[in-house]
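Q: Based on the provided sequences and hints, a complete structural model is requested.
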Amino acid sequence: MFVLKSPIMLVAAAALLAACSRPAEKTEDIRPVRAIVLASSNVDVDAEFSGEVRPRYESRLGFRVAGKIVARKVEVGSTVKKGQVLMQLDPQDLQLSQAQALASLRAAETSRDLADAELKRYRELRAQNFVSQAVLDQRESAYKSAQANVEAARALYRGQSNQTGYASLVADVDGVVTAIDAEAGQVVTAGTPVVRVARTDEKEVVFGVPEDKVEQLRRLQEVTVRLWADPQHPFKGRVREVSPVADPATRTYTFKVALPPDVAAAKLGMTAVAQFESRSAEPRVKVPLSALYHEKNATSVWVVEKGAVRLVPVTVAGADGNDIVVGSGLTAGQTVVTAGVHLLKPGQKVRILGDDVPKSAPQTAPQTAPGGAA
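Each residue of the sequence shown is one higher than the last, beginning at 19 in our numbering.
No lab work stands behind these hints, which were simulated from the structure alone.
Errors might be hidden in some of the hints.
As the list claims (entries may be wrong) - Below, simulated EDC-like cross-link-like pairs (lysine to aspartate or glutamate); rule was C-alpha separation at most 20 Å, straight line:
#  : residue 1 : residue 2
1  : K274      : E70
2  : K162      : D134
3  : K100      : D190
4  : K254      : D219
5  : K99       : D190
6  : K285      : E220
7  : K274      : E259
8  : K138      : D155
9  : K99       : D111
10 : K162      : D131
Said to hold, decoys possible - Derived DEER-like restraints, expressed as beta-carbon distance ranges:
#  : residue 1 : residue 2 : range
11 : G183      : S163      : 47 to 57 Å
12 : D280      : H312      : 46 to 56 Å
13 : V103      : D280      : 25 to 35 Å
14 : S296      : A197      : 34 to 44 Å
15 : T289      : A121      : 54 to 64 Å
16 : V55       : S296      : 16 to 26 Å
17 : V55       : T289      : 28 to 38 Å
18 : K285      : A121      : 28 to 38 Å
19 : D265      : G183      : 39 to 49 Å
20 : S186      : D230      : 43 to 53 Å
21 : V103      : R172      : 50 to 60 Å
22 : A57       : L371      : 43 to 53 Å
Keep in mind that this is a model prediction, so the values were computed, not measured.
No residue lacks a Cβ here, since even glycine has one placed at the ideal position from N, Cα and C.
A: Put into structure tokens, the structure is as follows:
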């Protein structure tokens, strides 16, 4: 058996055993994170919504009597004037009823004239005591009844004349035809909409706003509007109406922005973008909701400094959609972690995703062989 007796050999063996039993050094934990660099702005609200140019007033016109349509005199897009005929019903039955009412009026007038003549004659007889007062009273009553019949027949004739006139559907305002809902040959009932006419002097942009922005935008009256067909010439609009009830299908609240009357480029049905913008007195910083870290009733964010994170308390001044307006605690230029905030600890080393992406190498001119040969 070989035994180490030399002191030098014993020391070397001990050093070798110590090196073999030494634990491996731990690698430093560097966690990848997503982050943004903060920027301040005076813009308190900045939101855009796409909508449609619509008329403020649009009438759904229909006949006031039932009948069969025999003529349509306008097309979609036709410009019409007040009183212009749009559609025509078959007037034959209405004209017959009008003639019947006229005949009834003539008969009532004849009966009244006869009663008037008899009343005059009986008054003369009464003056000569040839008839009693009771007989004269009967003639006076007969005359009044005949006169009442004339008034009733005249009213009936006037009403029937109006009915005949209702066979022609006319425009009640100057405007443009936006839709036609019935055609010639169709039988319609009274009140059924058959033509839509829109006024072109007042227009508005209609769009939906999510419920989390309604109260914030309701207080802003002035809106910048840009037409998709002419985005280089914006103009100012005014919030005219905000729906108090959300649309059952889209769950958005309808905003209506009135347009200036001199904007001729805004045609009905065009796509428009309404931009809301207001500015605060001092610049503000915004961070995403995902950047907030809540602990012990305190709100903080992780700030990246020299490759490590530091927890910084902040105060919340308001909300803007998915962003939080910071009241204090942060300044522009700081780098804030926006994802994975609950997996960090103070002083932890981090690597911002995207910083390790290699930059593209500068391109060099291709080398050519002597004499210019490739």
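Q: Would you mind marking each hint as holding or not holding in the structure?
A: Okay, the hints, checked on the actual structure:
1. Taking the CA atoms of K274 and E70, the gap is near 10 Å; set against the 20 Å cutoff, the hint holds.
2. At roughly 9 Å between alpha-carbon atoms, K162 and D134 fall within 20 Å of each other, so this suggested pair holds.
3. The suggested pairing of K100 with D190 holds, with an alpha-carbon distance near 5 Å, which does not exceed 20 Å.
4. Between K254 and D219, the direct Cα distance comes to roughly 17 Å. Compliance with the 20 Å bound is thereby established for this hinted pair.
5. At roughly 8 Å between alpha-carbon atoms, K99 and D190 fall within 20 Å of each other, so this suggested pair holds.
6. Of the supplied pair hints, the one linking K285 and E220 holds, its CA atoms being roughly 11 Å apart against a limit of 20 Å.
7. With a C-alpha separation of about 5 Å, the suggested pairing of K274 with E259 holds against the 20 Å cut-off.
8. With a CA separation close to 12 Å, the supplied pair K138 and D155 stays within the 20 Å bound.
9. Of the pairs offered as hints, the one joining K99 and D111 is violated, with about 28 Å between alpha carbons and a cut-off of 20 Å exceeded.
10. Our distance criterion of 20 Å between C-alpha atoms is met by K162 and D131, whose separation comes to about 11 Å.
11. Distance hint for G183 and S163: a CB-CB separation of about 31 Å, inconsistent with the stated range 47 to 57 Å.
12. Between D280 and H312, the C-beta spacing of about 52 Å keeps the proposed range 46 to 56 Å intact.
13. Against the hinted window of 25 to 35 Å, the Cβ-Cβ separation of V103 and D280 comes to about 31 Å, which satisfies the hint.
14. At about 38 Å, the beta-carbon gap between S296 and A197 stays in the expected band of 34 to 44 Å.
15. For the pair T289 and A121, the beta carbons lie near 60 Å from each other, so the given range of 54 to 64 Å is met.
16. The beta-carbon spacing between V55 and S296, approximately 24 Å, falls within the hinted interval of 16 to 26 Å.
17. Remark: the range hint 28 to 38 Å for V55 to T289 is upheld by a beta-carbon distance near 35 Å.
18. Remark: the range hint 28 to 38 Å for K285 to A121 is contradicted by a beta-carbon distance near 53 Å.
19. In this structure, D265 and G183 meet the distance hint of 39 to 49 Å, their C-beta atoms being roughly 41 Å apart.
20. Distance hint check for S186 and D230: the Cβ-Cβ separation is about 52 Å, which falls inside the suggested range of 43 to 53 Å.
21. Checking the proposed 50 to 60 Å range against V103 and R172 shows it is violated: the Cβ atoms sit about 28 Å from each other.
22. Separation of A57 from L371 is about 19 Å and departs from the stated range, judged on CB atoms against 43 to 53 Å.
Of the numbered hints listed earlier, those contradicted by the structure are 9, 11, 18, 21 and 22.
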